Amino acid sequence: MSKIFALAQREMRAYFNGPVAYVLIAIYLLITTMFFSNQFEPGLVPEMRVTLNLMVMPLMLLVPLVTMRLVSEELSRGTVETLMTAPITDTQVIVGKFLGAMGFFLLLMITTLIYPGVLMIYGEPDLGPIVSGYLGLILLAAVFTSIGMLASTVTRSQIVAGMLALTVLAVMTLLTNYLSMDLTGWARRTMRYIGFYARYENFTMGLVALGDVVYFLSITVFALFLSVKVLESRKWRS
Amino acid sequence: MIDVEGLTKYYGSFLAVDGVSFGVPEGQVVGLLGPNGAGKTTIIRMLTCFMPATHGSARINGYDAFTQHLQVRQSVGYMPENVPLYEDMRVGEYLEFRCRIKAVEKSKRSARIDEVIQRCQLDDRRKQIIGTLSKGYRQRVGLADALIGNPPVLILDEPTVGLDPGQIREARNLIRELGRHRTVLLSSHILSEIEQICSSVIIIAGGQVVASGPIAELKETLAGGRQVILEGRGPEPEGLRHAIAAMPGVNSVQLAKCDGGYHRLTIEAARDADIRQAVGDMAFARGWSLRALSGASVTLEDYYIRAVTRSGASPAAAAGATTGGITSGPDGPATGDKDAGTSGSADSHKIGGGR
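Here the protein sequences line up with chains A and B, keeping their order. Just so we're aligned, residue 9 is where the first sequence starts under this note's numbering, counting upward by one. Just so we're aligned, residue 108 is where the second sequence starts under this note's numbering, counting upward by one.
Derived from the structure by calculation, the hints contain no laboratory data. As the structure is a prediction and not an experimental result, all values here were calculated from the model. Relax, there's no trap hidden among the hints.
DSS-like cross-link-like pairs, simulated, lysine-lysine; straight-line CA separation at most 30 angstroms:
no.: 1; chain 1: A; residue 1: Lys11; chain 2: B; residue 2: Lys234
no.: 2; chain 1: B; residue 1: Lys215; chain 2: B; residue 2: Lys242
no.: 3; chain 1: B; residue 1: Lys215; chain 2: B; residue 2: Lys234
no.: 4; chain 1: B; residue 1: Lys242; chain 2: A; residue 2: Lys11
no.: 5; chain 1: B; residue 1: Lys213; chain 2: A; residue 2: Lys11
no.: 6; chain 1: A; residue 1: Lys11; chain 2: A; residue 2: Lys237
no.: 7; chain 1: A; residue 1: Lys11; chain 2: B; residue 2: Lys215
Partial selection, computed: residues in chain A whose CB lies under 7 angstroms from chain B:
no.: 8; residue: Lys11
no.: 9; residue: Thr87
no.: 10; residue: Glu89
no.: 11; residue: Ile96
We put the beta carbon where it would ideally sit given N, CA and C, even for glycine.
Using the sequences plus the hints, can you model the full thing?
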């Protein structure tokens, strides 16, 4: 367990050792502030629903930038050799790195708590949907991160890993949502079932459904499991 | 401490390591010597559990390298070739991280870090970012990392590659010192380096062990054929040849004509017989005047170069010496002697099983 924590801490530090983390946080805040300020008008209901819904889009673009280096960098720099000859398992490596990236996203979300803070100063927002919305955002970030991790384990090129992750996330978040609006009947239901966005909307409306939580968690665990398997496969592929 | 038995590795259909067997006794510094592409790194990667073998087995510190990964990794301090490091971390930070994933107890961590930093002379670089370090310092950080878990076995892949001569000497001294309390396996393609650091050597070519044993013993065996070359002028060269051939300790004499009426006698003798003076005396007694009389012996270097250059055509053909202590590859000695004997070079006689 302490080994996993050490790995997570190293990943966190890797982001903050360079300018990457600060730049990404600044851009994310800049974009989400625009969303928030549009919703922060006299006469509007003091709520975070629309802002939280819109926050998915920049998160989706940002996650691949953060996760693409997780394993690809180890593979291309050769540090995977020192890492995987230390007394740690492949599972510990993946979980540690996942927690490190999640730590970064949690930090990112904490910075966006300014918005509900402002709402509380100037109005009386209903805290329930805000809390459930952030819970949804954290779960969604976990799903995104695990998919980004999987993309990063399959290639030594960070660019490829990033593009791959972005494609998968865009399909699962945007395309499914777009199709669900045009389609009808069972096709629409299927799109709403597998798509991330429809489920996420439930959270921002204040609806924490067990099915949504289980769906997000199981995708995360499954993607991490596949990452471990891909990392292990390097042994018999070489 | 390290026992390797029939280790074989295929990359796809390419045979990189072919049934390698050797042993490294506890507390010894052993060199894995071979040209680039001989399979050294592949062997080392299999020993450090980085990749599995196709066939064969390896035991390190009593643990099986293919089933007891964590125990083996815990017992081995490994420095890979070219020393991959996290460029963005500071030296102290990196060693702290490595301490944690190598499960060094929290209470002992800072003492361990201080010790290896002092050992590897990194005191003044502790706060420096690894990406800005010079090659020599990176090497030291890699070595410090290998040492940090205080492992009983150290495996170093090309530890002196890319260093300047001063740094090479420092690294050698350090490794030699570390070898006093640990088992060290290091790879290199430079013979003189292995000779200076190691007590034993395993020579690898074409994925096979072509010779192995304590360096002194190997030298002794290989230097077995002592060679004396005599050049001179005088009556009855054939008679002299027969007389020398009849001397005790002489194995064979070859006679050849040189320019200006001189003859050259190439005498091959047993290793313990220094016959130079006796040969000279005999030539004088028969009324010869000499222009040269020299002795030569087969060196480990000659042997290594021959093993390496021949390995391209047929790895097994270069095999020859098998000496005590360390066993060599499976079909080395059987085919080696015959081929070595027909080699064109002057000192190609009787290596290994010939005696």
